[in-house]
Amino acid sequence: DAKTTQPTSMDCAEGRAANLPCNHSTISGNEYVYWYRQIHSQGPQYIIHGLKNNETNEMASLIITEDRKSSTLILPHATLRDTAVYYCIVRVVRSGGSNYKLTFGKGTLLTVNP
Amino acid sequence: DAGITQSPRHKVTETGTPVTLRCHQTENHRYMYWYRQDPGHGLRLIHYSYGVKDTDKGEVSDGYSVSRSKTEDFLLTLESATSSQTSVYFCAISESVSGGYNEQFFGPGTRLTVL
Numbered sequence: 031d032a033k034t035t036q037p038t039s040m041d042c043a044e045g046r047a048a049n050l051p052c053n054h055s056t057i058s059g060n061e062y063v064y065w066y067r068q069i070h071s072q073g074p075q076y077i078i079h080g081l082k083n084n085e086t087n088e089m090a091s092l093i094i095t096e097d098r099k100s101s102t103l104i105l106p107h108a109t110l111r112d113t114a115v116y117y118c119i120v121r122v123v124r125s126g127g128s129n130y131k132l133t134f135g136k137g138t139l140l141t142v143n144p
Numbered sequence: 004d005a006g007i008t009q010s011p012r013h014k015v016t017e018t019g020t021p022v023t024l025r026c027h028q029t030e031n032h033r034y035m036y037w038y039r040q041d042p043g044h045g046l047r048l049i050h051y052s053y054g055v056k057d058t059d060k061g062e063v064s065d066g067y068s069v070s071r072s073k074t075e076d077f078l079l080t081l082e083s084a085t086s087s088q089t090s091v092y093f094c095a096i097s098e099s100v101s102g103g104y105n106e107q108f109f110g111p112g113t114r115l116t117v118l
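Protein chains in written order, with our numbering: chain A, 31 to 144; chain B, 4 to 118.
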């Protein structure tokens with residue numbers, strides 16, 4: 031699976047958009063980009079995923095560059111409850127049990143300030 | 004929220020004692036996972052299961068064993084607990100979906116302290 035690089039920490043003002051970058055320059059054509067987050071003392075939570083098209087759901091938007099070497103997770107109106115560690119994960123999806131595991135890196139600590 | 008429970012939620016034990024952590028799901032998902040989370044290491048996969056009685060090792064499996072006799076239950080056993088196994092343990096589940104993606108749902112975690 032491709033390696034990802036994320037900033038260690040970021041700050042965002044409440045009500046503003048939070049844009050979290052992820053670099054995955056070694057991504058291959060059959061690898062998906064996933065985003066999870068972990069609020070303090072809770073289990074990780076799935077946010078969104080994509081292959082090459084931009085995606086949006088009720089939580090966030092995912093923008094993937096045309097060359098797929100980087101992506102940005104966008105929380106359109108950040109709230110204090112969005113303070114969490116955000117993980118960008120890139121992986122191939124294949125059939126078979128072992129290929130469904132996720133490898134979490136260090137992630138980005140997003141702090142939303144009032 | 005996905006129906007995943009972990010028990011116990013907190014446990015303190017002594018070095019050398021056996022410990023079993025339980026993960027229970029009500030979603031009938033095929034895949035189940037055990038992760039541990041430690042400061043500076045993020046989440047690391049211990050073992051996973053891809054069906055009843057079908058399990059395999061993850062990246063940090065030494066000192067741990069698992070069993071899955073029913074779809075809904077995945078047990079993690081520390082045969083002889085050591086202080087290095089003090090950690091927060093998370094269970095996760097997922098269902099195979101044709102077309103490719105794999106959303107994992109995580110449980111609330113078990114905080115284990117080995118003295």
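Keep in mind that the hints were calculated from the coordinates and are not lab data.
Computed from a predicted structure; not experimentally measured.
Backbone N, C-alpha and C fix where the C-beta goes; we use that ideal spot for every residue, glycine too.
Don't take every hint at face value.
To be verified - Which chain A residues face chain B? A few, computed with CB under 8 Å, are given here: (1) 37; (2) 42; (3) 46; (4) 47; (5) 72; (6) 73; (7) 134; (8) 135; (9) 139.
For this session: Provide an ascending list of the numbers of those earlier hints which the structure does not satisfy.
Result: Hints 1, 2, 3, 4, 9 contradicted; others consistent.
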